[in-house]
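Chains as they are written, first to last, in this note's numbering: chain A, 16 to 429; chain B, 16 to 429.
A few of these clues could be false.
Which copy is meant is left open, so a pair is good if it fits within one copy or across any two.
To be verified - Result set (DSS-like, lysine-lysine): computed pairs, CA atoms no more than 30 Å apart in a straight line:
no.	residue 1	residue 2
1	K207	K387
2	K122	K292
3	K291	K122
4	K237	K387
None of these hints come from the bench; they were simulated from the model.
None of the values given here were measured: they were computed from a predicted structure.
There are 2 protein chains.
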Amino acid sequence: MAIIEKLANDLVVIVEEIDHLESVAYNLFLRGGVVNDPEERVGASLVLAELIGRGAGELDSRALSDAFDARGISHQEASSLNRYVLRCSLLSDYLSDALELTAKMVKQPRLPQEELASIKSLLIQDIEALKDNPSRRALVELAKLYFPVPFNRPVIGELEGINATSLKDIVALKEQCFLPGGAVLSVAGKVKASRVIKEAGKVFTGWSGEGPGIPDFKGFPKPQAYHIDSNSAQLQIALIYPSAKFGDHDYYAAKVLNGILSGGMFGRLFIEVREKKGLCYSIYSRHGSTAEYGTVTVYAGTTPERAQETLDTIIEVLTGIKGTISDEELERAKANIVSALVIGEESTGARAASNASDWWTSGRVRTLDEIKEKIFNVTIEDINRHLEAYSPLNCSILTLGSRRLELPVDNKGE
Amino acid sequence: MAIIEKLANDLVVIVEEIDHLESVAYNLFLRGGVVNDPEERVGASLVLAELIGRGAGELDSRALSDAFDARGISHQEASSLNRYVLRCSLLSDYLSDALELTAKMVKQPRLPQEELASIKSLLIQDIEALKDNPSRRALVELAKLYFPVPFNRPVIGELEGINATSLKDIVALKEQCFLPGGAVLSVAGKVKASRVIKEAGKVFTGWSGEGPGIPDFKGFPKPQAYHIDSNSAQLQIALIYPSAKFGDHDYYAAKVLNGILSGGMFGRLFIEVREKKGLCYSIYSRHGSTAEYGTVTVYAGTTPERAQETLDTIIEVLTGIKGTISDEELERAKANIVSALVIGEESTGARAASNASDWWTSGRVRTLDEIKEKIFNVTIEDINRHLEAYSPLNCSILTLGSRRLELPVDNKGE
Chain A
16 MAIIEKLAND
26 LVVIVEEIDH
36 LESVAYNLFL
46 RGGVVNDPEE
56 RVGASLVLAE
66 LIGRGAGELD
76 SRALSDAFDA
86 RGISHQEASS
96 LNRYVLRCSL
106 LSDYLSDALE
116 LTAKMVKQPR
126 LPQEELASIK
136 SLLIQDIEAL
146 KDNPSRRALV
156 ELAKLYFPVP
166 FNRPVIGELE
176 GINATSLKDI
186 VALKEQCFLP
196 GGAVLSVAGK
206 VKASRVIKEA
216 GKVFTGWSGE
226 GPGIPDFKGF
236 PKPQAYHIDS
246 NSAQLQIALI
256 YPSAKFGDHD
266 YYAAKVLNGI
276 LSGGMFGRLF
286 IEVREKKGLC
296 YSIYSRHGST
306 AEYGTVTVYA
316 GTTPERAQET
326 LDTIIEVLTG
336 IKGTISDEEL
346 ERAKANIVSA
356 LVIGEESTGA
366 RAASNASDWW
376 TSGRVRTLDE
386 IKEKIFNVTI
396 EDINRHLEAY
406 SPLNCSILTL
416 GSRRLELPVD
426 NKGE
Chain B
16 MAIIEKLAND
26 LVVIVEEIDH
36 LESVAYNLFL
46 RGGVVNDPEE
56 RVGASLVLAE
66 LIGRGAGELD
76 SRALSDAFDA
86 RGISHQEASS
96 LNRYVLRCSL
106 LSDYLSDALE
116 LTAKMVKQPR
126 LPQEELASIK
136 SLLIQDIEAL
146 KDNPSRRALV
156 ELAKLYFPVP
166 FNRPVIGELE
176 GINATSLKDI
186 VALKEQCFLP
196 GGAVLSVAGK
206 VKASRVIKEA
216 GKVFTGWSGE
226 GPGIPDFKGF
236 PKPQAYHIDS
246 NSAQLQIALI
256 YPSAKFGDHD
266 YYAAKVLNGI
276 LSGGMFGRLF
286 IEVREKKGLC
296 YSIYSRHGST
306 AEYGTVTVYA
316 GTTPERAQET
326 LDTIIEVLTG
336 IKGTISDEEL
346 ERAKANIVSA
356 LVIGEESTGA
366 RAASNASDWW
376 TSGRVRTLDE
386 IKEKIFNVTI
396 EDINRHLEAY
406 SPLNCSILTL
416 GSRRLELPVD
426 NKGE
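Start from the sequences and build out the full structure, keeping to the hints where you can.
Put into structure tokens, the structure is as follows:
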């Protein structure tokens with residue numbers, strides 16, 4: 016059971032005590048992220064996230080890095096689509112030190128000009144590497160084409176935006192985003208909540224203000240078909256359609272439906288496309304959601320020769336699900352979701368991240384028991400109702416490779 | 016502390032009781048793997064590992080899959096280079112059921128002829144996908160060129176070998192390898208050792224014989240340089256050189272040295288190549304070892320323009336390490352290794368896998384405290400001595416991409 020406290024400066028602190036482990040992990044979420052980058056500077060937030068690791072307060076780049084390493088504190092600073100995320104994972108004895116270092120990075124980053132060029136260079140390398148990774152590229156391109164501005168921005172930034180980013184941009188972004196209002200610090204592991212809250216109050220003192228909100232989400236387009244010509248050996252297929260967002264009444268129905276479609280080594284997509292027909296080595300569907308929107312994404316990579324049959328089979332599975340779910344199938348999907356949930360949440364890193372995400376998305380933290388109960392309560396009727404609201408027939412389709420495919424009429428975008 | 020028992024049929028059962036979790040995980044290692052495939056059938060073991068999931072005993076393919084799924088048991092059957100690995104992860108209530116299903120798969124797999132074509136097809140898809148993944152391909156090609164026969168076989172199999180595999184080959188392989196002698200079942204989680212040993216004795220009864228040994232390891236070649244022309248956008252650089260094998264007296268020195276070279280967000284390679292010069296987004300070195308051999312592999316992917324400087328910097332770091340390690344650097348590397356070890360081993364899956372690996376490689380199981388102590392005892396002198404025995408100057412270098420690089424004289428293979 017998580018303990019939640021709002022500090023005087025509005026920073027929310029969530030602590031889950033897990034006594035039997037030796038480690039502790041925490042996530043600090045700050046408002047901002049790639050959606051909040053200035054229009055001509057998409058990727059500036061990635062530069063900022065790298066740059067705060069290059070010195071803070073009295074510590075220069077090397078001293079800061081050494082301070083983490085000397086205590087075996089694994090740390091990571093990143094910018095995602097809609098937030099900054101600072102993660103630490105460590106043996107619990109060093110929690111005070113770790114929090115102090117994290118606070119230094121967000122309150123007093125040095126942001127040294129001389130590190131800017133090398134950071135921009137390595138972020139550009141990451142974008143360039145996309146050319147050699149068509150499966151990752153297909154999903155980035157699909158997001159670019161399908162999501163409304165600015166939610167369609169690549170989470171790895173844009174070449175022009177990163178190139179154009181100056182230190183002035185970075186300083187402005189830091190002033191705008193690295194603020195306690197709207198931020199959340201989620202700690203899980205071998206800790207006492209009272210001590211963590213006291214420590215956090217101490218290291219995050221002398222800090223105030225509120226980070227930027229999330230831009231309006233303008234909704235998804237009508238079904239479209241996109242093709243990107245590429246000389247890759249395989250043909251990449253990615254489908255996407257709107258689904259329940261976080262907090263929707265049929266959110267859990269969407270989760271169970273996704274389990275029925277694709278849950279690791281089972282699920283209809285896996286059975287029909289991989290097991291029965293051997294059409295591709297890996298195939299999956301994912302239900303992703305935020306407070307603003309939800310989507311289902313289906314991905315498969317296959318040879319050009321097998322691509323048409325693969326796409327046809329995926330469409331067949333997606334459109335054939337309504338009204339055909341059996342009780343056993345439903346129960347199997349639930350058992351797998353709950354089992355994966357419980358096992359996945361046995362680590363401090365997973366607990367800290369889940370609690371932070373819950374708060375970020377809904378302003379509260381669910382217990383595992385609550386999630387389990389909601390999953391178990393989903394009925395076949397719930398799923399069929401959900402499928403009426405969010406039909407897979409509304410999917411947009413992207414293919415990337417050397418060949419165009421025949422698409423179902425509904426999804427040609429004509 | 017793990018409890019170890021050898022059953023009457025020589026199957027070794029290792030149990031680590033972890034009371035405070037809800038889950039249990041186990042690994043069953045069986046002798047065989049890709050090194051043991053018949054010469055013209057490289058990849059047959061991968062077909063076998065897929066095929067045992069397609070029905071066993073009275074259960075056909077669907078019934079077997081459903082039996083796992085109905086209990087939320089996540090399972091995976093795989094063939095690696097030198098063993099078969101069957102993994103399960105589940106809520107502890109279902110352990111008896113899971114063990115029974117696993118035993119059925121190894122003792123009475125149905126090996127249905129009608130599933131063979133689709134399995135071969137999907138394994139071939141995985142090989143074909145390598146063409147679109149140059150970073151993965153570089154490491155597969157390096158292993159092919161550098162390791163002695165048959166340890167140089169690709170862990171994803173060979174196209175010709177998989178195509179040529181018949182059901183007769185599969186049945187013969189199963190008869191040869193799926194035997195209790197030399198096999199190990201490692202269980203970790205919320206279980207009682209006495210009960211697990213009793214259950215294992217029951218489900219693995221009526222099974223006897225010993226699996227095949229590992230082929231002789233003929234040693235590594237002199238330093239070589241390999242280049243593979245490819246129209247990929249990036250240039251892939253991979254270096255490899257011999258290092259301490261598992262159980263060598265300087266095994267732990269090799270581990271600490273690797274921490275100094277490359278440990279997540281720290282280490283000399285990371286600092287020099289990524290942070291200071293921004294030459295590539297990701298770079299790492301790994302120390303891998305078995306009972307037969309040890310190696311260090313360094314990998315970086317970068318643009319053709321930055322590739323020469325990247326390679327030069329890597330070589331500079333590798334050759335500059337001897338005699339230059341500071342006490343603080345040593346302590347930082349140790350703190351990070353131990354911290355990552357403790358945190359990583361807090362899951363049942365990790366404990367089960369580590370115990371199984373230890374037994375497989377050395378016939379005993381180390382405790383975490385033993386590993387920690389060995390790491391803490393490593394001195395700078397140990398590392399310098401280790402570097403004399405295993406010099407990075409002996410590295411072979413593979414480049415994959417559109418450009419050849421200037422190599423250091425020692426590594427031209429001339």
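Discussion item. For each hint given before, does the structure comply? Return the numbers of the non-compliant ones in rising order.
Written reply: 4
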